[in-house]
Amino acid sequence: MPSICYDNNNNESDGERFQFNETNGERPEFSETNIGGSASAQSDPTYQGGDDEEESHSDSSSVSDCPSWMFEDFEEWYSDIEEDDLESMRGSDDEGPPSFVWSDDTDMKTFEMIVGLQFPSRKKYREVLRDWAVRKGWDLKFTCNEAAKITAICKHGCDWRIHASPIMKTSTFQLKSLRGGHTCAHRYENKQANYKYLGKRLENIIRDNLVEGLESLKNKIRRDVEVECSMHKVYRAKRYALDLVRGDIKDQYNRLYDYCSTVVKHNPTSNMILQVDRNLNPPVLQKMYFCVAGMREGFLAGCRPIIGLDWCFLKGLFKGQLLTAIGRDGNDNMFPIAMAYVEIEKEETWKWFLNLLLRDIGFADDKGWAFISDRQKGLVEAIHSLAPSSEHRFCLKHMYNNFKVKYKGQDLKKLFWKAASTYSVKQHLRIMKEIERLSPKRGNNQTAYEWMCKISSHHWARCFFPNRTKCDALVNNISESFNSYILDARELPIIDMFECIRRKCMTRLQVKRAGMDKFKGVICPNIQKKIESQRVVSKNCFPTWAGDDKFEVRHFMENHIVYLNDKHCSCGMYQLVGYPCCHAIASLNYHNLEYDDYVDDYLKKDCYMRVYSHLINPMPGMHDFEESPLGMVDPPNVKVRIGRPRKVRRRDGNDRRDPTCVSRVGLTHTCSICLQQGHNKSTCTNPPHPNSTFKNNNARENETENDVESEAAQEEQPFGAAADGEQDQTRIDPQFEMHQQPSQTASSVADQGPIADVHLPTQESSVPKPPKSRKQSCPKLKRHQPQPQPQPQKEKGPSTSISAFKKSWNPSTRISTSRAASSSVGHSNGISNVPKVVKKGLNRQ
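In UniProt numbering, the protein residues as written are 1 to 845.
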């Protein structure tokens with residue numbers, strides 16, 4: 001990655017000048033403000049020609065020995081002074097026209113193409129031409145794009161033309177001709193502004209904010225580059241800009257050992273562990289453990305002894321998953337402890353992660369840790385094997401998601417949550433009996449009561465939780481909050497991801513420490529809010545003092561016993577959460593005692609400040625990493641899926657949704673074509689309902705069929721057909737007619753007697769033209785036309801439409817069919833049974 005340095009001592013320009021160092025060979029020197037290559041009165045001082053090019057300098061600008069029309073406003077005294085310069089100067093003996101050389105210091109905002117301008121390479125000429133055309137709003141068409149010459153014209157028809165070719169046999173490209181005036185309007189949709197061009201313009205924006213939104217980038221492109229582009233092009237331009245900023249993603253894996261050495265050097269006692277596959281050359285990364293000393297020491301200094309375990313997907317190029325261990329401070333805020341990168345979350349990886357975690361913070365048998373998790377694959381077995389005596393809570397939200405699959409209903413849902421959230425064991429047992437009553441045994445199916453009893457209540461019922469944690473959490477939301485907190489970092493390459501998380505944690509420690517330092521209370525603010533909510537409920541509690549610190553509190557129809565010095569209440573809440581319940585608050589108010597002395601130390605400001613007194617030290621950039629002798633690591637082999645990667649997970653019914661719109665989950669869909677439920681119009685195969693809104697869309701098609709029928713009706717008048725409006729609606733299926741009446745020859749027809757006004761078709765018209773297709777007769781059909789299902793034929797006679805006859809059309813059977821139909825023609829009643837299209841063919845000569 002190129003480093004940026006500022007040079008304010010350059011005398012060539014008054015503006016601030018910055019350049020990219022060429023130590024890595026990535027970028028040439030670039031200046032932000034410098035005018036060059038312009039057809040105005042000023043020219044770039046860095047333009048240079050042959051060995052004897054003449055240059056004149058002033059305090060703020062310089063000019064070359066250019067044609068006189070470029071220096072009409074300059075006086076003679078200005079060009080008399082010549083100064084020594086490292087560039088060659090033109091003398092009086094120089095011959096030939098002056099030449100101009102492109103400089104990377106040129107400001108493209110004021111740049112203009114000039115005949116004779118030279119470029120160091122063909123690639124540079126293409127880049128400059130593209131940038132110049134985009135800024136002008138001109139869309140180009142390259143009529144010749146070869147190594148020996150490049151010619152472009154205006155894509156929209158004006159006579160503008162530009163041509164460039166190399167000088168002699170060198171790689172230097174020179175603008176040879178620039179003809180015509182560009183008269184087209186400014187084009188905001190320019191194909192010259194491809195995603196690479198836009199990505200280079202977005203590089204500095206992405207460097208400042210790696211997670212800049214696509215809509216914001218699109219607006220900046222429209223405002224700065226004056227180009228309208230699609231969201232897909234903006235997405236590709238952002239990805240290209242991210243690659244420019246981050247460099248090669250694979251290089252970050254190659255420097256993982258260097259990164260771990262640097263973290264340990266600047267944050268001593270940190271634990272950074274890499275596990276690689278040494279059977280491959282070079283080794284391939286399998287797992288990486290990340291635990292910074294400041295976070296580990298802060299957790300051990302005063303966080304409550306409960307740890308949330310969770311995992312989340314990484315969204316970068318090489319995917320993977322991130323295992324996390326999150327603590328809980330005295331203010332009910334998350335406190336990250338450690339995390340690990342793994343290829344996939346399973347029992348083996350959980351055991352590896354938990355083993356390293358317990359080595360850092362102490363094993364559960366000594367510290368008495370409690371874990372809460374979402375019952376991931378193998379996690380229950382991993383905790384049972386590494387910490388068999390520790391408390392393990394199951395996240396009640398995920399447990400209920402499994403419960404509601406088989407056992408639905410609001411009554412069971414309320415009883416499920418009530419049985420888990422109560423602090424009293426006896427009340428828990430009463431609720432479980434109510435659940436057993438609501439879900440009776442039916443056959444061999446498992447009841448809701450049996451399903452809940454199958455999982456030990458010590459894992460999910462609050463009344464069975466040990467009191468040492470001072471936490472009554474039933475869900476693992478604190479780990480979910482951390483996954484959302486690092487959502488932006490999960491899209492980055494591995495080193496950038498860990499660095500982003502480290503900086504977030506480093507900033508978080510300082511912000512929390514400074515915020516609590518301004519707080520004047522003794523109890524943490526979030527705990528004070530909970531105590532206030534209990535104080536409101538305490539107005540329904542009536543204490544009776546029994547002596548010393550003992551109280552009997554009547555709360556509606558129940559009595560509870562409170563021991564203030566022991567911080568204990570028979571309801572079970574006080575000793576579990578660490579702050580007074582409503583019964584204890586009523587007892588404290590009886591003697592006008594302060595709440596501060598009756599709150600656990602975990603929940604006080606002093607303990608909170610001990611947690612956030614530890615620091616995470618800053619670190620240098622990747623270019624200053626410590627070099628490790630352990631070598632390089634390759635990224636894991638990942639199978640890239642087709643399509644754009646999914647970044648937003650699928651939410652279930654219990655997730656919080658957008659409050660501005662109503663969810664359609666669980667609603668029955670109604671088809672707008674057939675008006676039946678269970679599907680929509682995109683998958684409908686039923687015929688349209690008479691009341692369907694699609695009836696009007698079918699009107700044009702119905703009119704087409706009616707036109708064919710009316711034409712046939714007009715031609716059947718000689719046969720004595722009914723008048724308009726009185727035509728028989730029953731039509732005979734031609735296929736049915738062919739099967740019922742055998743094909744007859746001309747002789748068999750003659751035996752039945754003469755047929756009035758019936759002439760056989762001539763030889764020229766013996767092969768009739770196929771009927772006009774529906775697309776030709778009605779070009780503006782709707783996008784989706786459902787096909788009607790076949791209907792069984794009625795006993796009184798078959799019925800069909802003209803469209804069905806068209807599908808079964810067979811020219812070879814037309815004559816025989818028409819003759820068979822004409823055999824039944826003798827009076828007006830018989831002619832009505834002949835298909836209308838067949839009758840139409842009989843009258844043709």
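Some hints could be false.
As the list claims (entries may be wrong) - Computed list of lysine to aspartate or glutamate pairs in EDC-like fashion (alpha-carbon distance at most 16 Å, straight line):
#, residue 1, residue 2
1, Lys176, Asp107
2, Lys567, Asp517
3, Lys287, Asp277
4, Lys176, Asp208
5, Lys529, Glu347
6, Lys109, Glu226
7, Lys250, Asp597
8, Lys470, Glu594
9, Lys414, Glu436
10, Lys319, Asp634
11, Lys550, Asp566
12, Lys265, Glu226
13, Lys550, Glu532
14, Lys604, Asp517
15, Lys200, Glu127
16, Lys406, Glu436
17, Lys200, Glu112
18, Lys123, Asp104
19, Lys530, Asp634
20, Lys265, Glu499
21, Lys567, Asp606
22, Lys377, Glu347
23, Lys512, Asp496
24, Lys567, Glu552
25, Lys518, Asp606
26, Lys123, Asp159
27, Lys426, Asp634
28, Lys406, Glu450
Said to hold, decoys possible - DEER-style ranges, computed between Cβ atoms:
#, residue 1, residue 2, range
29, Lys250, Arg359, 26 to 36 Å
30, Ile455, Arg359, 23 to 33 Å
31, His182, Lys681, 46 to 56 Å
32, Arg503, Met557, 18 to 28 Å
33, Gly181, Thr110, 13 to 23 Å
34, Tyr485, Ile561, 35 to 45 Å
35, Thr110, Asp159, 33 to 43 Å
36, Asp596, Arg430, 53 to 63 Å
By construction, these hints were calculated from the structure, which means they are not laboratory data.
The model shown is predicted, which means the values in this text are computed figures rather than measured ones.
Each residue gets a CB set at the ideal place from its N, CA and C atoms; glycine is no exception.
Starting from the hint list further up, note which numbers the structure goes against and sort them upward.
1, 2, 4, 5, 7, 8, 12, 13, 17, 19, 21, 23, 26, 27, 32, 35, 36
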